[in-house]
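The task is simple: from the sequences and hints, build the whole structure.
One point on numbering: in numbering that gives the first Met the number 0, the residue at position 83 of the sequence shown is 82, and numbering is uninterrupted.
Just so you know, these hints were derived from the structure itself, not from any lab.
On a predicted model such as this, the values are computed, not experimentally measured, just so you know.
Keep in mind that the hints are not guaranteed to be accurate.
As the list claims (entries may be wrong) - Pairs of lysine-lysine residues, derived as BS3-like cross-links and limited to a Cα-Cα distance of at most 30 Å, are as follows:
hint, residue 1, residue 2
1, Lys99, Lys55
2, Lys64, Lys37
3, Lys99, Lys64
4, Lys68, Lys99
5, Lys51, Lys99
6, Lys37, Lys51
7, Lys51, Lys68
8, Lys37, Lys99
9, Lys37, Lys55
10, Lys68, Lys55
11, Lys64, Lys51
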Amino acid sequence: MSVKGGAQPAGLFRQRPSARVYPKGPSSRTCCRSAVVKLSDELQTTTLWDNKALRKIVLEEALPKLLQKQLGLDTILSRVPESYTRAIFGAYLASRFIYKYGTSPSQFAFFTFMNPYFARIGQ
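Right under this line is the structure:
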């Protein structure tokens with residue numbers, strides 16, 4: 000659609016911004032993803048997994064509420080292989096931690112992150 004004289008109405012047709020130029024090398028998304036994967040793998044093999052009360056709290060948060068309502072957490076855990084629940088446990092905690100504190104957190108950040116979980120265990 001053009002206006003008299005071939006001009007286009009202002010604001011009606013805007014040019015799309017040019018493609019973004021990202022710096023070469025690993026992007027922050029890639030760094031974040033690899034940090035989550037690394038921490039997840041580490042969490043799956045720590046003594047945190049052995050803490051059954053903590054495990055239950057984390058899996059209650061991580062697993063879909065509708066699924067828990069339909070089957071119950073104990074039924075889900077009895078049907079899902081342990082390696083899968085370990086992966087869910089590790090990935091859930093790792094992703095929440097990395098997205099909250101970043102890929103280079105302070106030495107005490109994980110302790111601070113886990114405090115609410117341990118407080119819930121004490122209730």
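The hints, checked one at a time:
Restraint check: the Cα-Cα separation between Lys99 and Lys55 comes to about 22 Å, which is no more than 30 Å; the hinted pair holds. For a cut-off of 30 Å, the pair hint linking Lys64 to Lys37 stands: about 27 Å separates their Cα positions. Note on Lys99 and Lys64: the hinted pairing holds, with a Cα-Cα distance of about 23 Å set against a maximum of 30 Å. For the suggested pair Lys68 and Lys99, the alpha carbons sit about 28 Å apart, so the restraint of at most 30 Å is met.
Restraint check for Lys51 and Lys99: satisfied, since their Cα atoms lie roughly 25 Å apart, inside the 30 Å limit. Taken as a hint, the Lys37 and Lys51 pair is honoured in the structure, with Cα atoms around 23 Å apart against an allowance of 30 Å. Taking the CA atoms of Lys51 and Lys68, the gap is about 20 Å. The hint holds against a cut of 30 Å. Restraint check for Lys37 and Lys99: the C-alpha separation of about 16 Å stays at or below 30 Å, so the hint holds.
Restraint check: the Cα-Cα separation between Lys37 and Lys55 comes to about 22 Å, which is no more than 30 Å; the hinted pair holds. Distance hint between Lys68 and Lys55 is fulfilled; the C-alpha atoms sit about 15 Å from each other, no more than 30 Å. Between the alpha carbons of Lys64 and Lys51 the distance comes to roughly 20 Å, so the proposed pair stays at or under 30 Å and holds.
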